[in-house]
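4 protein chains.
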Amino acid sequence: MSHNTFGHLFRVTTWGESHGPALGCVVDGCPPGIRFTHAEIQALMDKRKPGQSRFVTQRREDDVVKLLSGVMTDEDGETMISTGTPISMLIENTDQRSKDYGEIARSYRPGHADYAYDVKYGIRDYRGGGRSSARETAARVAAGALARKVVPGLKVRGALIQIGKHKINRANWDWDQVDQNPFFCPDAAMVPVWEDYLDQIRKAGSSIGAVVEVVAEGVPAGIGAPIYAKLDQDIASLLMSINAVKGVEIGDGFASAELSGEENADEMRMGNDGKPIFLSNHSGGILGGIATGEPVVARFAIKPTSSILSERQSIDADGRNVDVRTKGRHDPCVGIRAVPIGEAMIACAIADHYLRDRAQTGGRS
Amino acid sequence: MSHNTFGHLFRVTTWGESHGPALGCVVDGCPPGIRFTHAEIQALMDKRKPGQSRFVTQRREDDVVKLLSGVMTDEDGETMISTGTPISMLIENTDQRSKDYGEIARSYRPGHADYAYDVKYGIRDYRGGGRSSARETAARVAAGALARKVVPGLKVRGALIQIGKHKINRANWDWDQVDQNPFFCPDAAMVPVWEDYLDQIRKAGSSIGAVVEVVAEGVPAGIGAPIYAKLDQDIASLLMSINAVKGVEIGDGFASAELSGEENADEMRMGNDGKPIFLSNHSGGILGGIATGEPVVARFAIKPTSSILSERQSIDADGRNVDVRTKGRHDPCVGIRAVPIGEAMIACAIADHYLRDRAQTGGRS
Amino acid sequence: MSHNTFGHLFRVTTWGESHGPALGCVVDGCPPGIRFTHAEIQALMDKRKPGQSRFVTQRREDDVVKLLSGVMTDEDGETMISTGTPISMLIENTDQRSKDYGEIARSYRPGHADYAYDVKYGIRDYRGGGRSSARETAARVAAGALARKVVPGLKVRGALIQIGKHKINRANWDWDQVDQNPFFCPDAAMVPVWEDYLDQIRKAGSSIGAVVEVVAEGVPAGIGAPIYAKLDQDIASLLMSINAVKGVEIGDGFASAELSGEENADEMRMGNDGKPIFLSNHSGGILGGIATGEPVVARFAIKPTSSILSERQSIDADGRNVDVRTKGRHDPCVGIRAVPIGEAMIACAIADHYLRDRAQTGGRS
Amino acid sequence: MSHNTFGHLFRVTTWGESHGPALGCVVDGCPPGIRFTHAEIQALMDKRKPGQSRFVTQRREDDVVKLLSGVMTDEDGETMISTGTPISMLIENTDQRSKDYGEIARSYRPGHADYAYDVKYGIRDYRGGGRSSARETAARVAAGALARKVVPGLKVRGALIQIGKHKINRANWDWDQVDQNPFFCPDAAMVPVWEDYLDQIRKAGSSIGAVVEVVAEGVPAGIGAPIYAKLDQDIASLLMSINAVKGVEIGDGFASAELSGEENADEMRMGNDGKPIFLSNHSGGILGGIATGEPVVARFAIKPTSSILSERQSIDADGRNVDVRTKGRHDPCVGIRAVPIGEAMIACAIADHYLRDRAQTGGRS
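Residue numbers (the working numbering), protein chains in the order written: chain A, 3 to 367; chain X, 3 to 367; chain D, 3 to 367; chain P, 3 to 367.
Worth double-checking, as some hints may not be accurate.
Any copy will do: because identical chains look the same in the list, a pair fits if it lies in one copy or spans two.
Stated by the list, open to error - Dumping the calculated SDA-like pairs for lysine to any residue here, alpha-carbon to alpha-carbon at most 20 Å:
1) LYS51 to ARG61
2) LYS277 to VAL324
3) LYS49 to THR39
4) LYS49 to ASP97
5) LYS169 to THR363
6) LYS329 to ASP201
7) LYS277 to ASN323
8) LYS277 to ASP120
9) LYS51 to MET272
10) LYS167 to GLU265
11) LYS277 to ALA319
12) LYS167 to ALA257
13) LYS167 to SER262
14) LYS51 to LYS167
15) LYS49 to SER312
16) LYS68 to THR96
No lab work stands behind these hints: they were computed from the structure. Only a predicted model underlies this, so the values are computations on that prediction, with no experimental measurement involved.
Working from the sequences, and respecting the hints, build out all of it.
The structure is reproduced here in structure tokens:
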């Protein structure tokens, strides 16, 4: 709805700038009785946290989530139970390096929102990107951690499948590999390639784009809606809302353009257990906007980090030509840390539709 | 918000099934004083209308839009002026061929929403796809015709750039060609290739996917918002809401994954007229979710029509294995008629953000 | 959300002017499988219909509701079943008396929206009040007819309890009387008093205010929410949205101001059947914004019709002083026809909260 | 929209329980460039703060608002400037008296939300009323402080006009008196009467209802909308959302029921300065849902505090009959502290409509 809120029934409002005292979110509409631990949230936060390897920004943030409302602690002193009231979560900013922002306060960094932002608002918190900083996504991951709990049996996993021109070999896909390397890479053979490649880019002060794939299993068949609340529509919307994302695909995505109707049809048969089986999943688990029960598969492309050491031509707020190079701590490939964010967005979309389906159809699906 | 409404301030609610008496939309939030003629709406409707060539469905619909509210007629007896109240538009269904739906009433057509729809609602208007029919998009085009008028100077144009493996040569791009052939193809050299190719597909009772590109010029710099109301996010959402769309790109899209930060930077300089100039437009006119003033460029992939003559394996509502072939009048490439629909969706997204910007910043951009 | 839509999950969008070809509404979010007949809707429409007695406007409208989408007809050929898609309902305007609007097109009728409307929009359909006409409420009654069906066991009834200074004797309250007189009056003894009184007012070309009370039984305990979606809040909002309403009360309403905490407490005991019993209902069936299961009781005050025959001082659109008297067909007491409208609004609010509760808590209440 | 958010373009989301670590709100949609000081917010917070006199609860809270995002500090080091991003405000709970809640954790206090809440959610933070505590209204006052700044020239003032049967004499109305007594009473002669009366009630451990009136001056003519976004509708909604409110009136309110059309007409004349003048304001500044430019006048009735020392019959969560008396620190007349809350709600409604008008009509009004 509004500019800093997403979701209709599982509603998340985020707030905060990169260099303010804190950032956070309010999750409204979480059903009562959802059980989770602080450790479960924190484990997901840690996947996105900066400073985890030499391939991501060296900013150091603990990203500890404080829960301020909407939960009671169970008798074990550890499990939290949602009460149905809004859950406010706060994350302090601790590593706001004091530096001279004089230059970029006035100059527009190419590829960043600086120019467009100034045109819109006429005032801009330039420190660390302000509201446009990717630090905002910490709040998304926290909200996504709750969303995963709302839908029984939901499992959402993401992986990085391409950096620059280097794509994984899908035949090597192994989910167990994803947490074994700093790239969330499911193809063990690709890891050393990416390491070498990113080291070069990092040392050159350059950056590179990437592609992330997220797969959600256990999505109840029937959630979604046929027209303007297609499940894939809301997934596309939320993935595109992640900083630096420029493309989104569901199922076969752009490859569908080259398929015939015969090839693209996901044929069905009744299984031995009396349940319908899909013989393929070109649709990525969604037909006509509604989940089929097959895994939901989405991909998104992330452009290279705009903060690079090479000088680029730009202008400043006074309308003068300037050359800008962006010093500081940056991710050479923001796609890496986009993996847990993509997971969070998809978990939130599914949780929202799960509740919406319960409203309209009584959750018959 | 709800399942059949999109937009926040330029709000469109559509209704209607393929085989009911009519379909239509209500456009709420249109500013007062917007002037347009019925002929202007109808010209856009005609672009989407079935039966225009042998490459689209042979269903015959006039698709005449009746305006039922929200406008007054000017003294010339022709120009309509919006009054600021909801504009209700109605399109009658006239060519609902009476046929026996007995078979598909129970069988789930592969690739269609039939199965997912039944799981969700437990009741389904199977005639012509019911609510999931692409006839719903007629209402979108009517709404889009108004949206184009809301933003002064806005120009939104689309083209088909790929059918199957056959992609246009972008060096040949000529907007004037687009209305000269039945494909909305901007590359004259590609037209005969597509004709032959689609004739084969049509005769085989098969179908094929496609890619559409839409370019919006005159988008005011500053519209959009940095977090969950990114202009590209809402464009992605609305494009993905079109039937059969499986992928969406903004600017360089998935190709961004292969770019370095140096390549991707849209550098700027002050122009001779004292206005900022972008030296490239990798971003597709949107940075950090906010319009830069450059042309907004979006692409979307459409899967092949699921209705094909070849038998495909499926199940029916009683859980029996069946083989389904879909007779009747179908588009061999739904991508063709998706061009005006994509234009409409982008016009609506831009109109909505134009009004939202006016609310928050007073339209300073 | 938007200006012509209400409800969050049972969403109603109305459109249409008094003197256009038609008016109507789109009901979005109605669950699938709701069964109703056209006659049931029409019976409620007839309660609001003009021309039913000499005490209401003599405009003659059939107010026949056409259902254009969202339903299938059952095998009996009569019962309609909602499919879960938007239900579009249309009511034609048939008695638009052709008259010279020259005068009031420019003059602002005191007590009407004319002046404020022109300030806002700068353009106004002055014929019959345009969008501000009470004819818009026909669409509300149609939507309310569906809303009543959404909540199993819901019974919503209204009555007129005061005209001018003449209040009913609550000791005489008899619901069976309500349909026996042209005033929806539950007190048989008051009917002749009101007849004489309104005849005088009518003959004098004057008008008078009134108070309506609506009681909803069968409201599931637990619907509503503690903060900004209080059930009474949404009832107040929708009642205040009815033309000419100037006050709303829930339960004891303004009389609560004179009560002590001891008097106001709705004490409870367990009933013999093991269910909780409230010993009184000062709260009007809502505590802390949530339904208690007791009857929901709401009242609203309607100001006198602003259209009167006596001249009143005003100005015109050119800033000149003018004296205005409003000829034509008017209700001497708009409160009468407000009864079915109030019922409809409360039915819609309850249906909406019923679905919202189902979303958040699984409908455990 | 959602259950803990209100407003469409000036959107406020509140969160927090009475006995959690903190409560707060996120204000989204505030225009950029709004200037205010922390002291201005705090002055309004202090009006609502507990412990200010013997006539309100003795809970001691500083209610200091921390601004966590969405503002930059001007060069004077004091003035804050909104940046257009969400403004997060946090208020710590400091006086959460540790006591044994064992009893009321299980028993339902008559007149409170306890029973309805348990039916709905099945889990309840019983400490101090949890989410239903009036402490939530602190966040509303903070949001209202910003809302007042959004509309240039807006002045919103409230007063208590009735406690129990003791109504002020409107002839004595003096706004300067309002801040001179602990009741926000505009009638100096009534102050000693209320003092004696409330002392009795307080000593008896009883409570009493009240009526508040709020007047907003400087409301731009033209804001509001004719159908479901009537300005009075949204005011009614927000006033009814305040804990314990049972009735709302605009302008003459329920007294309108006794007026004739002649009496109720707010006649107009052109003033000497060439601007329209209303000769009366029965409408309370709103006609047909749209502001006329006259002062907006609203009243609301607050029921007596449900927490009283006398035993009252009730049941507990185990379905047993119990007798409940509510010890602790309570307001004998919650109506007193409702004055600044009512002001905040009306300021927020006006700010929201001001922005909505700017969107649809370009703020021409």
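Results for each hint:
{"no.": "1", "hint": "LYS51 to ARG61", "result": "within (9 Å within a copy, 41 Å between copies)"}
{"no.": "2", "hint": "LYS277 to VAL324", "result": "between (64 Å within a copy, 14 Å between copies)"}
{"no.": "3", "hint": "LYS49 to THR39", "result": "within (17 Å within a copy, 39 Å between copies)"}
{"no.": "4", "hint": "LYS49 to ASP97", "result": "within (18 Å within a copy, 38 Å between copies)"}
{"no.": "5", "hint": "LYS169 to THR363", "result": "neither (42 Å within a copy, 43 Å between copies)"}
{"no.": "6", "hint": "LYS329 to ASP201", "result": "within (18 Å within a copy, 57 Å between copies)"}
{"no.": "7", "hint": "LYS277 to ASN323", "result": "between (65 Å within a copy, 11 Å between copies)"}
{"no.": "8", "hint": "LYS277 to ASP120", "result": "between (56 Å within a copy, 14 Å between copies)"}
{"no.": "9", "hint": "LYS51 to MET272", "result": "neither (45 Å within a copy, 38 Å between copies)"}
{"no.": "10", "hint": "LYS167 to GLU265", "result": "between (27 Å within a copy, 14 Å between copies)"}
{"no.": "11", "hint": "LYS277 to ALA319", "result": "between (62 Å within a copy, 12 Å between copies)"}
{"no.": "12", "hint": "LYS167 to ALA257", "result": "both (17 Å within a copy, 10 Å between copies)"}
{"no.": "13", "hint": "LYS167 to SER262", "result": "between (27 Å within a copy, 11 Å between copies)"}
{"no.": "14", "hint": "LYS51 to LYS167", "result": "neither (26 Å within a copy, 41 Å between copies)"}
{"no.": "15", "hint": "LYS49 to SER312", "result": "neither (29 Å within a copy, 47 Å between copies)"}
{"no.": "16", "hint": "LYS68 to THR96", "result": "both (14 Å within a copy, 17 Å between copies)"}
The structure does not agree with the numbered hints 5, 9, 14, 15 stated previously, though it agrees with the rest.
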